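Colleague: Single-letter residue listing:
2 protein chains.
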Amino acid sequence: MVSMKRLVLLALTFTTLQAEEGMWTFDNPPTRLVQDKYNFAITPQWLDHVRLSSIRLNDGGSGSFVSPTGLLLTNHHVALGQLQKNSTPERDYVKSGFYARTSEEEIKSPDLEVNVLVSMENVTARVQDALKGARNAEQEFAKRKDVIAAIERESLEKTGFRSDVVTLYQGGEYWLYRYKKYTDVRIVFAPEQQIAFYGGDPDNFTYPRYDLDFALFRVYENGRPIQSQNFLRWNPKGAADGELVFVSGHPGSTQRLDTLAQLEAERDLYEPSILKIYHSRIDVLKKYSATGPEATRRAMAQIFSLENSLKAYDGRLKGLQDKRVMDAKRADEAKFKAQVAANPQWKAAYGNAWDQIAAAEKKAQTRFKEQYFHGLNSSLANLAQQVVQYVAEIKKPDGERLAGYHESQLESLRLGMFSPAPIYPDMEIARITGALELDLAEAGSNDPWVKLVMNGKSPRDVAAELVNGTKLTDPEVRKKLVEGGESAVAASTDSMIVLARKLDPVRRELTKWLEDNVQSVEQRAGEQLGKARFAAFGKSTYPDATFTLRLSYGQVKGYPMNGTIAPPMTTMFGLYDRSASFGNKGPFELPQRYVEGRDKLDLSTPLNFVSSNDIIGGNSGSPVVNKNGEIVGLIFDGNIESLVGDFVYEGETNRAVAVHTAAITEALRKLYGAEALANELLR
Amino acid sequence: MVSMKRLVLLALTFTTLQAEEGMWTFDNPPTRLVQDKYNFAITPQWLDHVRLSSIRLNDGGSGSFVSPTGLLLTNHHVALGQLQKNSTPERDYVKSGFYARTSEEEIKSPDLEVNVLVSMENVTARVQDALKGARNAEQEFAKRKDVIAAIERESLEKTGFRSDVVTLYQGGEYWLYRYKKYTDVRIVFAPEQQIAFYGGDPDNFTYPRYDLDFALFRVYENGRPIQSQNFLRWNPKGAADGELVFVSGHPGSTQRLDTLAQLEAERDLYEPSILKIYHSRIDVLKKYSATGPEATRRAMAQIFSLENSLKAYDGRLKGLQDKRVMDAKRADEAKFKAQVAANPQWKAAYGNAWDQIAAAEKKAQTRFKEQYFHGLNSSLANLAQQVVQYVAEIKKPDGERLAGYHESQLESLRLGMFSPAPIYPDMEIARITGALELDLAEAGSNDPWVKLVMNGKSPRDVAAELVNGTKLTDPEVRKKLVEGGESAVAASTDSMIVLARKLDPVRRELTKWLEDNVQSVEQRAGEQLGKARFAAFGKSTYPDATFTLRLSYGQVKGYPMNGTIAPPMTTMFGLYDRSASFGNKGPFELPQRYVEGRDKLDLSTPLNFVSSNDIIGGNSGSPVVNKNGEIVGLIFDGNIESLVGDFVYEGETNRAVAVHTAAITEALRKLYGAEALANELLR
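Note that the protein sequences, when read in sequence, are chains A and B.
Sequential numbering of the first sequence, starting at 1, is according to our numbering.
Sequential numbering of the second sequence, starting at 1, is according to our numbering.
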C-alpha cells in the first residue's frame, strides 16, 4: 500500500550494529563483517554475478534469474496479481495452478515490468551543489526535484536504461541507478494457491511454516526468451543448518532512522488509521465475496494482499507500542544529539534538525484526515486521476511535474495505465461504497471533499453512478483520452473523468501544502542529519530500505520461540501434520494433488527454512544465495518476530522465512509431472 | 518440590469465573455450568464412576484404572522415579523402556503408594467448634491441629482407610477424605524416555507437542491383581476437536486466592530464591553427570524433575511479573475488601484479615534465609532427620506431633523411610557439596546453622565426611534404628544421625516460630476470608488446589499462538517432522524403534491434543474422560501460557496437553509388539 504511506524522509540515529543486521547497498557491501564472522571473502565478481541475477518486479517484489534462458523465480504471492489478471471463471490459475509445458503455452503478464540493476553512480555532489543558493527549504525542495529529474532524463536519453535517482542515508547520498527493463514477462509455472499460501492468513508471517510459495516466469525480449549467463545456478540440496547465506533483493522501506517525533506520530496516529482503513477494506471485500463464487474469485487477490498488509501493520504497531523498542530509540537519539551538540560546527549546521522535523510532524497532523480519509479505493478512480494528471503534467518542464510523471517514469506509468487487466464493475461499486462510508464516518459530512464527492447522496448511490457512468474499464478508452490530450479530457462526460477533474485541484493543493510545509522541511533536516552521520561515523552502516537492490547476510538457524526452539527448517512431514492436525480444514486443507500424491514424496524433504538475514516487505521472491553464488532458497516471508524490523533488527529472533530449493524440485518432479522444468533448473 | 514451599494459607478474592475455569471438588461439581454450556448432565453415577476410577500417586501425580484387572495408566514422567529405582547400569528401563509380557515379568515399585478416594465427609462444624474458646491465633492453631489429628485417627481406626482432613476454601470448609491405599504397584509397560519426553527440556511445557508420555502399572492386593469394575473403558478413537472432555485428577497447589501481600512476597522474594536453588542444583547434577555414563544414568531422573520445576517456576514468576495479572489481582482484592467493608457485621468479623496476613508475611521475611538457605539437598540427610524425629514424635499424643508424624500418616511415611530404592553415595556428596556452597554464599559463614554444619571445613570435606560416615544407604540400618527407638538413635555414631540430632532443635525452633508467628495468623485470617466469601457469594466457586481429587471440564480446541493458531491436536507426521527439522539431533532424536518402524505406522494418527481444562502440576497422568465416562486421553502437561495458572486462569490460551489414546494403541501394537496389552486395554 505504497499510496497510503506519507512520503517522509528520515533522520539518522545510531546503534551499534547487531551481528547480521543490515540491508547493504552493493556499492558498500558488508565485506569486512562477513570476512570476520564467516571467513568468507565477498569478491567484486561474486557481487556482480549476484546483482545481475537479481530482479525487481515493479508491482512490489523481488526475483532472480535461475536459468540461462530467462527463467525468473519469484514467489507465488508476487506473481499472484498477474495470475489473477490472466484468470477467468473458466480457467482459474490461482486456484488450480498453471504449467506451460511448451513455450507456446507460456502466457503474458498484462502489466508487469521487471528491472535489473545494471549500474550505480554516485551523484551526491551534483545534487547537493544544485541546492546552493536556495534561501529556504521550499526553494531547496524545488531545486532538488529539478536536478533529480534532469539527471534521470539525461541518463535515460544517453543510455536508454530506466534511470532513477535514489536518496540514501536520508540525503547523505544520492545515487543514479540504471536498470535494464523488461516488460514481456510470461508465466511458466505456478502451483495451486492453496499450497503456495498454505495455512492462509493465520500462518502468514509465522513459522514453522509449510508453504510452496514459488512461481516461475520467463523473461522475453523481442519475442524470444533472453539468453544470459547472469543467473543463479540451482542448488538442489538447498540450504543447510548453520550455513552462511545471502539474500539479494529489494526491501521496500524501513524507518529505522526515524526521529522519535516521527515514530510517535506513526504509533499514535498514522498506523492506527492505516489499520482502520485495512479492516474496513477487508470487510467490504469479504461481504462482496460472500455474494457468490465468481465474486470470491475476483476479490481473492485483493483480500490476500490486504490481510497480508494488515497483519504486517499490526506487527509494526505492536513494535512501536513496545516500551523496550521506544526506550532504545529514545536512548539512541539522545546519544546522537549529544554527539552533535558536543561539536560546535556540527551543532550549528545540524543541531536544529530534530526540532524542525518535530515541528513539521505537528503541522502535518493538522491535515491528517485529508491524507487518510479522502479515498475512493477504486481502480477506476485511480486510472481517471492518472489520465487527468497525465495530460496536464507532460506539457510542463520535467522538473516541475508531479511525482510519477517525470520523463524517465512515463513508459512504466503507461504500462499500468493501459493495462488490459480486467476491472470488475460490481467489485468497484462495493469498494467505493465502503471507502465513502469510512470517509463519511471519519471526515464527517461537512468535510468539503466529502461534499464535493457525495453531494448529499448515499455512498452506494454515488458509487453506482460513478461506476455505471464510466467506460474506463476499457483500456482503449483510456488510451484514446490520453491521445486526445487536455482538450479531450476536458470535454469528457465520463463520470470518473468528471470526478477526477473536480478533485484534481483539491489534490494538488494538498500535495503542494505537504511539500511546502512537511516534505521540504523534513528532506532538508534529514539531509542535515545524514551529513552529521557521515561526519561522525563515516559509511559504516547501511541506509534505510528504498525498494532498491540490497544484500543481506545471515545464517540458517532456529530461534527461541514460545518457550521452546523453532527448528532451522521444516519438512514435508510437517505439511501433512498441520493438515491432519486441523482435520484438513480451512486454510490447512491440502490440494487434492497432495492428498493423492503423498506416497510419491520423500516426506523428509526440507520444505521451508529460516535464516537470520535482515529483510523486509519487498524482499518477497528474493533468492537465498550460498557462498558459491548458487540459489539455495527463496525468501517469501519474515517471522512474526521480524515485523518490528521496520524500526529495529532484533537478531535473536528476527528470521527470514524461505522455501527450500529441494522442496521445489521434489514437488515439480513428483507431483506436477514437470520433469522438463525441473531439468531446466538443474541443467 | 513441596518441601521448599512454605505452608501458607490463602485468602480469597473474587473474579467472575471464566468459562471452563475451575478445579472442582467432587462434592460440588460444575453441574450447572456444564449443563448450560454443553447441554450435558453430570449425574451422581457418572461422578462416582469417574472418582473411583481415579488414582493419586503419592510421589506426585495422578492416574486412572483402565482395565478390570488393575491396569493403572499414568505418565512416563510420573512413573520415572520408580523406573529409575528399578534400573541398574545393565538394564536401564528409563532409556530402553520396559514391557512385561507376562504377569511374572511385572516388577514391583519400591516405594509407591497410590490412593483412591472412597469417601468425603464435611467436618467443618467439628473443626470450627473445636476452635471456640481459643484466646489467640496460637491457641487456635494448636486446637485445630489437635482436632484434625483426632478426626484422622478416629477415621483410620474405624474404617482402616487412609484418612486425611483437607482444608478447602482457606478454612471455609474442612473435609475428611478417606482413601483406599495400595502399595503393591508393579510396572507393566514404559516406552523409551526419549519418546515419552520427546523434545526434552526445550519442548517441555510447550505445544504443539509430540510425546508418548505414558506408562502402565498394575495394582496388586494380597499378591494378586485387583479385580474391579471401577475403571475407565478405553476409547480407541480418542478425543475429537471441539469435544467436551473432563479431567479427573490431583492438582497439587494453586495460589489463585492469595492476597496481594502474599503474591508480592512470592514475586519479589520466594520465587526468585527457588529459581536460584534450582539453577544451583541442576548445575551440580550436570557437572556430576559429566563424570561418566553411569553418573548420567543416576542423575537423569533428578535433572529431569528439576528442569521441569525450573521451567514451571520461571513461567509462574513471569506471570507474577506481568503487570496485567497483578493489576487484575489488585482490582479483585479492592473489590472484595469494599464488599466486606460495606457490611458492618462482616467488617467487624473479617475486615482486618488482609492486614494480619500482610503483617505475618513481613514477619516471615525476617527469617527468610533460614527457610531457604539451610538445606543439604541430601536423601540421606532427609532420612536421618526422619529417623530422629520419628522416634521422638511417636511417643507424643497424636495432636501434638510435628506435621507428617500423625498416627494416620505413619504407614505411608514408613513406606518411604524403609524404601529399598538405591541411594548413590557419590551423587550424594556432589549434591551436599553444591547445597552447602549455596548456603555459604547466601547465609554467610557467620550464620549459626552454617557454623554448626560446617565447623569451618570446606563444603566438599563436610559432604564427604557425612556420606562416608553413614550406613543409612541400607534400609535395614534405618529400620533397626527406628526399632531401637530414642535410645538407639541417641547412641548412634552414624555421621548423618549425629548431624540430624544436632540440627533437630534448630529445626524445631524455626518450625515453632513459623507456626506461632506466621501460619497460625495466616490460617486464622484465611479462615475469616473464607467465611466472608461464603457469606457474600455462597459456594459458587472452587477452592485452591490441594493435591486432592478435582474435576475440570473443557473442550478440545486450538488457541491463538505466536501470531497463528495452535491446532487442537498433533499427529505422528509431526513427530517425524520435528525430528527431521532438527537433523534428528539432541532432544529431537527418535528412538531407533521409531526410525525403523516408521512405515508400519499410520502417521495421521493423533498424537497429542489440547483442551481448555483447568489443570496444574499434580494433574500429570490424569485421565481425559468423555461424556460416556470413557478415557480419550492422558494429561501430561500444560502449555507455556498455562504456567500463570497458579495465579489466574486465562481461558483464551490456557491449555492442558494430553496424549491421545489412539497414539498409545497404535504404538503398542505396531512398534512394541504389545498386542496383548493393547487387547487388554480394548477388551
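Hints should not be assumed to be uniformly reliable.
Repeated chains share a single entry, so a pair holds when one copy, or any two copies, can fit it.
In silico DSBU-like cross-links for lysine-lysine, where the CA-CA straight-line distance does not exceed 30 Å [claimed, not checked]:
hint, residue 1, residue 2
1, Lys-311, Lys-557
2, Lys-585, Lys-600
3, Lys-670, Lys-600
4, Lys-311, Lys-323
Don't read these hints as lab results, they were simulated from the structure.
Note that the coordinates shown come from a computational prediction; the quantities given were computed from them, not determined experimentally.
Colleague: Hint by hint, which ones does the structure fall short of?
Modeller: none
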